[in-house]
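Number of protein chains: 2
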Amino acid sequence: MKVVVNVSLKEGVLDPQGKAVHHALGSLGFDEVNGVRIGKRIVLDVDGEDKEKIKERVKTMCEELLANTVIEDYFIEVE
Amino acid sequence: MKVVVNVSLKEGVLDPQGKAVHHALGSLGFDEVNGVRIGKRIVLDVDGEDKEKIKERVKTMCEELLANTVIEDYFIEVE
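Taken in sequence, the protein lines are chains G and R. To convert, note that position 62 of the first sequence is 62 in my numbering; the numbers rise steadily by one, no gaps. To convert, note that position 1 of the second sequence is 1 in my numbering; the numbers rise steadily by one, no gaps.
Among the clues, some could well be false.
Covered, in the sense of this in silico footprint (three residues per stretch, anywhere, with C-beta under 8 Å from a C-beta of chain R), are these stretches of chain G [unchecked claim]:
# : stretch
1 : 13-27
2 : 39-51
3 : 63-73
In silico lysine-lysine, DSS-like type, Cα no more than 27 Å apart, as pairs [what the hints assert, rightly or not]:
# : chain 1 : residue 1 : chain 2 : residue 2
4 : G       : Lys10     : R       : Lys55
5 : G       : Lys40     : R       : Lys2
6 : G       : Lys59     : R       : Lys40
The hints are simulated quantities; they were obtained by calculation from the structure and are not laboratory data. Every residue gets a Cβ at the ideal spot worked out from N, C-alpha and C, and that includes glycine.
For reference, chain G alone in the conformation it holds in the complex:
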């Protein structure tokens, strides 16, 4: 089953990569952009049938490895 984990920096945590992209977009004339935040989109191919069980397991993966919960938020989509 395909599972998508979206990891993003928490509100208030500085995002220099996003800031650099925002600046570059401005230089290219995209003045309508007010802000850019860059996160990760992790796509997992996971064995199993029970969506709830899979989600629970992936949550554990996030807590143990995929996200740094001190500075990052995440949400999980099971497809």
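Given chain G's structure and the hints, the job is docking chain R onto it.
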């Protein structure tokens, strides 16, 4: 308006970061994971009302800066 750009490596393009995470998950006992691909999730705050127009502009941003279309695919979600 919030616009999300999801950028991922094309099928067939090697993803060493994803491979490393897959390996690490295996080491932690998550044997049900068959594959991991890691992409970017870029969240833009864009001025404007017309969703179609915004999407068209963000598509141009992707082609010019946000994605490397030789090795990456992207899709845009306007929220």
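Do the hints match the structure? See the list:
1. Counting residues of the stretch 13-27 of chain G whose CB lies closer than 8 Å to any CB of chain R gives 4, which reaches the minimum of 3, so the coverage claim holds.
2. A count of 10 residues in the stretch 39-51 of chain G with a Cβ less than 8 Å from any Cβ of chain R is obtained; the coverage claim is therefore met, three being the minimum.
3. Counting residues of the stretch 63-73 of chain G whose CB falls under 8 Å from any CB of chain R gives 3; the rule of at least 3 is met.
4. Of the pairs offered as hints, the one joining G:Lys10 and R:Lys55 holds, with about 26 Å between alpha carbons and a cut-off of 27 Å not exceeded.
5. Between G:Lys40 and R:Lys2 the alpha-carbon distance is near 17 Å, which keeps this suggested pair within the 27 Å criterion.
6. Of the supplied pair hints, the one linking G:Lys59 and R:Lys40 holds, its CA atoms being roughly 19 Å apart against a limit of 27 Å.
Of the numbered hints listed earlier, not one is contradicted by the structure.
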